[in-house]
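**Q** Each chain, written out:
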Amino acid sequence: MLTLNHFLALGAILFAIGLYGLLSRRNLVAILMSVEILLNAILVNVVAIARFNDQAQGDVFALFIIAIAAAEVAVGLALFLNVFRLNGVATVDPLRRMKE
Amino acid sequence: MLTFVVLSVLMIVGAVGVITLKQPVHAALSLVATLLTLAVTYVTLQAHFLAAIQVIVYAGAIMVLFLFVIMLLNIQGDQPQPHFRWMQIVAYLTALLAAGAIAATAFLSPRELPNAELMSEALAGGGAAAIGEALFNDFVLAFQLVGVLLLTGIIGAVSLVQRKATQTAKDERELSGV
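From first to last, the protein sequence lines stand for chains A and B. At position 21 of the first sequence (counting the first as 1) the number is 326 in the numbering used here, and the numbers step up by one without a gap. At position 81 of the second sequence (counting the first as 1) the number is 83 in the numbering used here, and the numbers step up by one without a gap.
I should point out that these hints are in silico values taken from the structure, not numbers from a laboratory. By construction, the Cβ of each residue, glycine as well, lies at the ideal position given by its N, Cα and C atoms. One should not assume that every hint holds.
For each label pair, taking beta carbons as the anchor points, the in silico distance ranges come out as [unchecked claim]: (1) D359(A) <-> M89(B): 40 to 48 Å; (2) L143(B) <-> Q360(A): 38 to 46 Å; (3) D359(A) <-> V57(B): 21 to 29 Å.
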């Protein structure tokens, strides 16, 4: 029998995978893709919880998350293009200068 | 139940592919697989409209952006320089800890939860009509604000990528013969 817990567990696994990618990858585009996995893990939870609690608001919330993710990807990729232009590579290494 | 298991396995394999494959294009295609199986999962949850949006916006628009940037950057995968060897171990531990914490919270919850078969019969929501009603009645302000945010994001992205605006302006003036 399928319960809410199954969806929450799936979300947890996806979130953990995304978190690992976020921390271990050094390519900026790969990091942004890991962020997308994180967002989608949250989306699974939001949609499943909304569905199991009889609320349409959850779907609206998920819609907003998708819209914000689109804006975030656009701005993030534009920033990465600039990083690539300035440094010749699109990894996190040149960004170490930011702490100086 | 079987559908859920198959979809979950595909989704997790896709997600693992995103974080392990060295070629960014392969990782991006793996991400597409994850997003598409997620859309099918939404269909099994009766969220048809959201499934369509997931395919159109995520697997469509966002992935096209990713692929464009990967092509522009011509990235050859992660360089294998072990700058932070310990970071990988920390990443493993953090991910495991997070998974354990969330799963523990989900499964040790004392609340009784209804099962999916009963709920899906009781629910008629999830279609475009129900979402539209909620969106344009209770969340109009948030809807407008998201619109403004998207516009800001687009303008920000364009202005960030634009190169040497003064130079192009000068070129155009010369071209128009002033």
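**Q** Indicate whether the distance between the beta carbons of L143(B) and Q360(A) respects the range 38 to 46 Å.
**A** violated (19 Å)
**Q** At the C-beta level, are D359(A) and M89(B) separated by a distance inside 40 to 48 Å?
**A** holds (43 Å)
**Q** So the hint says 21 to 29 Å: do the beta-carbon atoms of D359(A) and V57(B) match that?
**A** holds (25 Å)
The structure does not agree with numbered hint 2 stated previously, though it agrees with all others.
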